[in-house]
Every structure is written in structure tokens, then in C-alpha cells.
Amino acid sequence: GEDVEQSLFLSVREGDSSVINCTYTDSSSTYLYWYKQEPGAGLQLLTYIFSNMDMKQDQRLTVLLNKKDKHLSLRIADTQTGDSAIYFCAEDGQKLVFGTGTRLLVSP
Amino acid sequence: NAGVTQTPKFRVLKTGQSMTLLCAQDMNHEYMYWYRQDPGMGLRLIHYSVGEGTTAKGEVPDGYNVSRLKKQNFLLGLESAAPSQTSVYFCASSSDGTTNTGELFFGEGSRLTVL
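Sequences listed follow chains E and B, in order.
Numbered per the working numbering, the first sequence spans residues 72 to 179.
Numbered per the working numbering, the second sequence spans residues 1364 to 1478.
The set of hints was computed from the structure by calculation and includes no laboratory data.
As the structure is a prediction and not an experimental result, all values here were calculated from the model.
For every residue, glycine included, the Cβ atom is placed at its ideal position computed from N, Cα and C.
A portion of the hints provided could be inaccurate.
Claimed, not checked - Simulated coverage check for chain E against chain B, where a stretch passes if three residues somewhere in it have a Cβ under 8 Å from a Cβ of chain B:
#	stretch
1	88 to 96
2	165 to 173
To be verified - Pairs of lysine-lysine residues, derived as DSSO-like cross-links and limited to a Cα-Cα distance of at most 30 Å, are as follows:
#	chain 1	residue 1	chain 2	residue 2
3	E	127	B	1420
4	B	1420	B	1377
5	B	1433	E	141
6	E	138	E	127
7	E	166	E	127
8	E	107	E	166
9	B	1433	B	1372
10	E	141	E	166
11	E	127	E	139
12	E	107	E	141
13	E	107	E	139
14	E	138	E	107
15	B	1377	E	166
16	B	1433	E	139
17	E	127	E	107
18	E	127	E	141
19	B	1434	B	1420
20	B	1420	E	107
21	E	141	B	1434
22	B	1420	B	1433
23	E	127	B	1372
24	B	1372	E	141
25	B	1434	B	1372
Start from the sequences and build out the full structure, keeping to the hints where you can.
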């Protein structure tokens, strides 16, 4: 069955890089996504990567995809306090499946 | 541009009571979804709809019913609320269910507590 796993919590200092990891199981996924949820709000699409790519960069965000290991990561460079949120990865194989979410806490 | 709007945002129910959550979207999206979010469990799909007049079961449909009488609205009903249904409920919509980036647009959530 489909299962998307993430670590639950990550704490970094402002200015450091953050790396949030995700493992998925459905190799038929066409797209893999990162959504961001700020406190008291719904999820918003942050970035996505097509499954035939291994890297995508978008300003401070870098997405790395290792299809062989079914591993997805999101790197946030120069992390700011405004980046504090819950980050969800999601795969869209047989159906869209969200991970459990990683709560990122950025301290000054 | 309102996007996806959910009402109510907060509700407290007693066990056995019924209620309906309303989701409205103004983006002319075909697909609409209801998820519940619980600590450590991420988002779980309750029901979804691929168009006006259609509904389908998701991962955790028991205890819930839905209706999509109008394209812009998707209602989630609890006929007899149970404490296990205490959760934050999110509605989402997308232009279609195919892998065309597949971005979902979410509402702000409805926090439901069942005592």
C-alpha cells in the first residue's frame, strides 16, 4: 500500500539551511509535491518536481529526488523565522497521498 | 478572490448530534475533497467528488456523508457525531484529478470538537 513518511519535527537557527526528508512507496508517482501549512491555515503548494527529474531549484528552495530509493528532500537555504510551519510531502501515484508532516521551528 | 471557503471555522458538538460543514470554491474547479487532519497522521481523505452530482469514498469515509449538488459547493455531513471525529477538517479543490501538476487549493480548515 501507499505510505509517505516524514520525520515529525526539525529545529534550526535563523540563517541555517533546513533539510526536510520524505520517503514514499508508489513508484508510479508522476509528480511529488511539497506543501506548506502555516499556523491556523490550510496547506499551500510550495513546489513540486516531475518524477523524471532529480533536482529542482526555486530561489531558496531545492528539491532533490532519488527515485531508486524513493526519497524526496526539501532544502531551504538561509532559513527565516517566517519559514516556521508544517511541511507536507505528497505523492500522486494511484492516488494523492500526503505524508505526516514535518514541523519546522526556526529560532532567532 | 476568495478561493476555497469553509464554514463554520469552529464548532463544538455533543456525542450524537449532527452537523454539516460547507465548502465553497469560486475557481470553477471540477474536483473537490474533504480531508481530516489529526496529530501525527497527516491528512486523510474522507470523501471526494469529480464533478457536480458525483461523490466517492476516500480513505476514512465511515461516519460521514457528502453531497455535491452544485459545482461550487461540497458539503460534509456528520449524522451522529462521535468523539473520534474530533479533528480539523479541510476542504480542497483542483481543476481536475489528472497529473497536470495536480495542485490542490485548500480552505483554512474547520476545527470540530465532539464531547
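Hint check results:
1. Against chain B, the stretch 88 to 96 of chain E contributes 0 residues with a C-beta closer than 8 Å to a partner C-beta. That does not satisfy the three-residue criterion, and the hint is violated.
2. Chain B is given as covering the stretch 165 to 173 of chain E, and this holds because 6 residues of the stretch bring a CB closer than 8 Å to a CB of that chain, at least three being needed.
3. For the suggested pair residue 127 of chain E and residue 1420 of chain B, the alpha carbons sit about 34 Å apart, so the restraint of at most 30 Å is broken.
4. For a cut-off of 30 Å, the pair hint linking residue 1420 of chain B to residue 1377 of chain B stands: about 25 Å separates their Cα positions.
5. A hinted pair counts as satisfied when its Cα atoms are at most 30 Å apart, and residue 1433 of chain B with residue 141 of chain E does not qualify at roughly 39 Å.
6. Straight-line distance between C-alpha atoms of residue 138 of chain E and residue 127 of chain E comes to about 14 Å, which keeps the hinted pair within the 30 Å bound.
7. The straight-line distance between the Cα atoms of residue 166 of chain E and residue 127 of chain E is roughly 23 Å, inside the 30 Å bound, and the hint therefore holds.
8. For the proposed pair residue 107 of chain E and residue 166 of chain E, the alpha carbon gap of about 20 Å is at most 30 Å, so the pair holds.
9. For the given pair, residue 1433 of chain B sits about 21 Å from residue 1372 of chain B by alpha-carbon distance, which is consistent with the 30 Å threshold.
10. About 16 Å separates the Cα atoms of residue 141 of chain E and residue 166 of chain E, which keeps this hinted pair within 30 Å; it holds.
11. Note on residue 127 of chain E and residue 139 of chain E: the hinted pairing holds, with a Cα-Cα distance of about 17 Å set against a maximum of 30 Å.
12. Restraint check for residue 107 of chain E and residue 141 of chain E: the C-alpha separation of about 21 Å stays at or below 30 Å, so the hint holds.
13. For the suggested pair residue 107 of chain E and residue 139 of chain E, the alpha carbons sit about 26 Å apart, so the restraint of at most 30 Å is met.
14. The suggested pairing of residue 138 of chain E with residue 107 of chain E holds, with an alpha-carbon distance near 22 Å, which does not exceed 30 Å.
15. Note on residue 1377 of chain B and residue 166 of chain E: the hinted pairing is violated, with a Cα-Cα distance of about 34 Å set against a maximum of 30 Å.
16. For the suggested pair residue 1433 of chain B and residue 139 of chain E, the alpha carbons sit about 43 Å apart, so the restraint of at most 30 Å is broken.
17. This hinted pair checks out: residue 127 of chain E and residue 107 of chain E have alpha carbons roughly 17 Å apart, not beyond 30 Å.
18. The straight-line distance between the Cα atoms of residue 127 of chain E and residue 141 of chain E is roughly 16 Å, inside the 30 Å bound, and the hint therefore holds.
19. Among the hinted pairs, residue 1434 of chain B with residue 1420 of chain B is consistent with the structure: their alpha-carbon atoms are about 18 Å apart, no more than 30 Å.
20. Distance hint between residue 1420 of chain B and residue 107 of chain E is fulfilled; the C-alpha atoms sit about 26 Å from each other, no more than 30 Å.
21. Distance restraint check for residue 141 of chain E and residue 1434 of chain B: the Cα-Cα separation of roughly 36 Å exceeds the 30 Å cut-off, and the hinted pair is therefore not satisfied.
22. Of the supplied pair hints, the one linking residue 1420 of chain B and residue 1433 of chain B holds, its CA atoms being roughly 18 Å apart against a limit of 30 Å.
23. Distance check on the hinted pair: residue 127 of chain E and residue 1372 of chain B sit about 36 Å apart at the alpha-carbon level, beyond 30 Å; violated.
24. Between residue 1372 of chain B and residue 141 of chain E the alpha-carbon distance is near 37 Å, which puts this suggested pair outside the 30 Å criterion.
25. Restraint check: the Cα-Cα separation between residue 1434 of chain B and residue 1372 of chain B comes to about 22 Å, which is no more than 30 Å; the hinted pair holds.
Taken one by one, the earlier hints fail for this structure at numbers 1, 3, 5, 15, 16, 21, 23 and 24, listed in ascending order.
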